[in-house]
Amino acid sequence: MVLRVWVPDQQHQHHLGTCSKCTLSGRAMPVIPALWEAQQADSQCGRMAVSHSVKERTISENSLIILLQGLQGRVTTVDLRDESVAHGRIDNVDAFMNIRLAEVTYTDRWGHQVKLDDLFVTGRNVRYVHIPDDVNITSTIEQQLQIIHRVRNFGGKGQGRWEFPSKNSK
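With full-length UniProt numbering, letter number 27 in the sequence shown gets 27, and the count goes up by one each step, no holes.
Be a bit skeptical, because a hint or two may be false.
Have a look at the derived ranges for each label pair, beta carbon to beta carbon [to be verified]:
| id | residue 1 | residue 2 | range |
| --- | --- | --- | --- |
| 1 | Q113 | R150 | 36 to 44 Å |
| 2 | T105 | K55 | 20 to 28 Å |
| 3 | E103 | I141 | 23 to 31 Å |
| 4 | W110 | R89 | 22 to 30 Å |
| 5 | V135 | N62 | 14 to 22 Å |
| 6 | G111 | E142 | 34 to 42 Å |
| 7 | A102 | R127 | 27 to 35 Å |
| 8 | H149 | H112 | 41 to 49 Å |
Everything labelled a hint here was simulated from the structure, so no lab data went into it.
Think of the CB as a built atom: it goes at the ideal place given N, C-alpha and C, for glycine as much as any other residue.
Produce the entire structure from the sequences given, and follow the hints as far as they go.
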């Protein structure tokens with residue numbers, strides 16, 4: 001894997017073709033080829049406690065991605081499919097296992113290390129996510145499910161609108 005650094009707003013050539021959309025926070029950023037597509041497609045910013053769409057919430061609550069979403073704010077290691085490793089603080093995980101890391105130490109398959117302010121990894125490039133030893137897996141999953149269910153009923157016990165109204169209310 002080759003790391004390339006470019007000046008923002010300058011056209012450059014990389015293994016996926018020419019790109020002129022390289023304005024990432026007004027600073028030079030390394031291009032990690034396996035993650036280039038993710039940096040281009042990434043439109044999310046900031047922290048997101050719960051997925052906004054119904055589809056994403058459904059995917060999250062029916063899979064172990066909810067555990068990764070519960071790791072937000074924790075420092076962990078993500079092993080990538082190309083045998084590289086990213087170690088940093090998890091800022092965001094969406095239902096498709098796309099992970100945004102902050103304060104990252106990225107190590108490529110040859111052992112070269114690069115410090116990055118932030119890194120976005122697409123879900124298809126993730127091989128493993130190391131769960132810290134001090135995380136109670138069951139309680140983390142239960143907490144995340146409670147957050148999702150709070151969003152589903154929009155107001156708590158018997159109040160407000162329901163995301164999926166019962167058949168009797170039609």
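Comparing the hints with the structure gives:
no., hint, verdict
1, Q113 x R150: 36 to 44 Å, "holds (41 Å)"
2, T105 x K55: 20 to 28 Å, "violated (33 Å)"
3, E103 x I141: 23 to 31 Å, "holds (26 Å)"
4, W110 x R89: 22 to 30 Å, "holds (25 Å)"
5, V135 x N62: 14 to 22 Å, "holds (21 Å)"
6, G111 x E142: 34 to 42 Å, "holds (39 Å)"
7, A102 x R127: 27 to 35 Å, "violated (21 Å)"
8, H149 x H112: 41 to 49 Å, "holds (45 Å)"
Of the numbered hints listed earlier, those contradicted by the structure are 2 and 7.
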